[in-house]
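Student: Chain by chain, the residues run as shown.
There are 2 protein chains.
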Amino acid sequence: MPLPYRWLTSLMMRYNGSSILIDCGEGTQIAMREKGWSAHDIDIICFTHYHADHISGLPGMLLNMGNSDRTEELLMIGPKGLGRVVSGLRVIAPELPFPIRCVEIEGPEQTFSFEGFRLKAFKVQHSVLCYGYTMEVDRAGRFDPERARAAGIPLKCWNPLQKGEMVEMDGQVYTPDLVMGPPRKGLKVTYCTDTRPTDSITENAAGSDLLILEGMYGDPQEQDKARQKKHMTMQEAAGIASAAGVPELWLTHFGPAMGRPDQYLEEIRRIFPKTVIPRDGRSTELNFTEE
Amino acid sequence: MPLPYRWLTSLMMRYNGSSILIDCGEGTQIAMREKGWSAHDIDIICFTHYHADHISGLPGMLLNMGNSDRTEELLMIGPKGLGRVVSGLRVIAPELPFPIRCVEIEGPEQTFSFEGFRLKAFKVQHSVLCYGYTMEVDRAGRFDPERARAAGIPLKCWNPLQKGEMVEMDGQVYTPDLVMGPPRKGLKVTYCTDTRPTDSITENAAGSDLLILEGMYGDPQEQDKARQKKHMTMQEAAGIASAAGVPELWLTHFGPAMGRPDQYLEEIRRIFPKTVIPRDGRSTELNFTEE
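First to last, the sequence lines map onto chains Z and G. Heads up: the first sequence begins at 841 in our numbering, then just goes up one per residue. Heads up: the second sequence begins at 841 in our numbering, then just goes up one per residue.
Source of the hints: derived by calculation from the structure; they are not laboratory data. Please read these numbers as outputs of a predicted model, since none were measured by experiment. For each residue, glycine too, the CB sits at the ideal point set by N, CA and C. A portion of the hints provided could be inaccurate.
Unchecked claim - For each label pair, taking beta carbons as the anchor points, the in silico distance ranges come out as: (1) Z:Arg1109 x G:Pro1113: 58 to 64 Å; (2) G:Gly923 x Z:Gly857: 41 to 47 Å; (3) Z:Ala980 x G:Pro1118: 24 to 30 Å.
Stated by the list, open to error - The following residues of chain Z were derived to be distant from chain G, with all beta-carbon distances above 10 Å: (4) Met841; (5) Asp893; (6) Glu1107.
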């Protein structure tokens, strides 16, 4: 339930001109505008599941994108039923100036590759079919000019090879592996809400630069309720972060009955010190760590 | 389009334990909560039309009502298509602990009577079928104890007669008109948005204690645009208020391109001095004017 000072959970990721939104509850378009971001530029909308607090903002978001004269196709990814849910909601957004492509996730996990990054959906455990997501940005190895020179590769081939492209010149074929070192560490973000703790979360969270998990309950007394309602507690989220060995955990999706989520912070940090209880609108910039 | 500091247009009227909501765009449940009002208590939701900015908040509102363990029936009133639109949106709110009754307005105007008040829908002129609404609270005449005494009506009959009920006692039938003066002025509010100016608005607005109209455009240069898009300008709204002779006009539903709606206030007040350009969350209390 959205509260005046705490809206619904949603994540926007932006990389190299691409914008990916995960979940779009009521008010997401307003929150996004408060950040100064434009709906026009969203390339992909992913859904964890179809409970209203994760998708009720979709019709307004689509109309907002339509009003900004977008014509580029919008890709939507979500659990089985996406087409049905979107066509239900589009009863109030029937006419849009851009096409929509709905892709329903197959099986327990599926990876979607895009130019420069990958999205992976992995099944979690909620009261309805629900997926977590990782976004991974790959980073090529370093270009080695010594090797390029030693291999006698013409200078005008260097640039395409650096970009990972194969080059043919004067009857000679040059491949990137001749001049590139091993791939360097890229970036990885994992986002997962509305689920019991699962191995799939810990496994997919491993290696993430940022892990975002729900913190629906904070009071240890609510452990049973978390189990019943198929949510997790802050303590459980911190346990996952610790097991996955991530550098930072953000908690979100706080229960509406929770007055001040940060009242539990001290306790949670005993389980996982790098826990953050963000306020609405939190954002960060992740950068490649190696030279 | 909702803006961070200016959400979508909606009106909540509360009278004698009844709550009536007109329109329910994205974020309405949050705005309502900011006012300290509860979704639980809404008895009737009316829709002017089904453009998303007037109904996109419905699924969240219904779930919010469901979360608060409401079991009483909810009545919804709107133009033809209500059932279809609501069932589309309920793809994300399929299970609710209370029944919903959808009533589609018939013809150019229709009055709905409730205990102590009436709602009247009247057709206006937008790009889709759209209605304005008036809410009227009736007020009985004054009870005249002299007449009751002169007519020899037993004291224990006075109270039901005052409430407008017929009483039979000792074989004698007493009717309220024996002891009640003529009906006194009640209360009337008229709400109308997303329309060109129409005679139906002026006629229905007459006698209102408060008139609420859209002020989509303020710049006189946008008159043509208003005509094309089937909206009205602030100037036109003020003209209607003046013709209807209402004591106060509130403007709402400002175009998203309008930076500061009150920049036009001075000009609009030259047409209709009692114009108000409210900020989000504006409320007022209307009271019976006669003793």
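Student: Which of the listed hints are not met by the structure?
Tutor: Structure breaks hints 3, 4 and 5.
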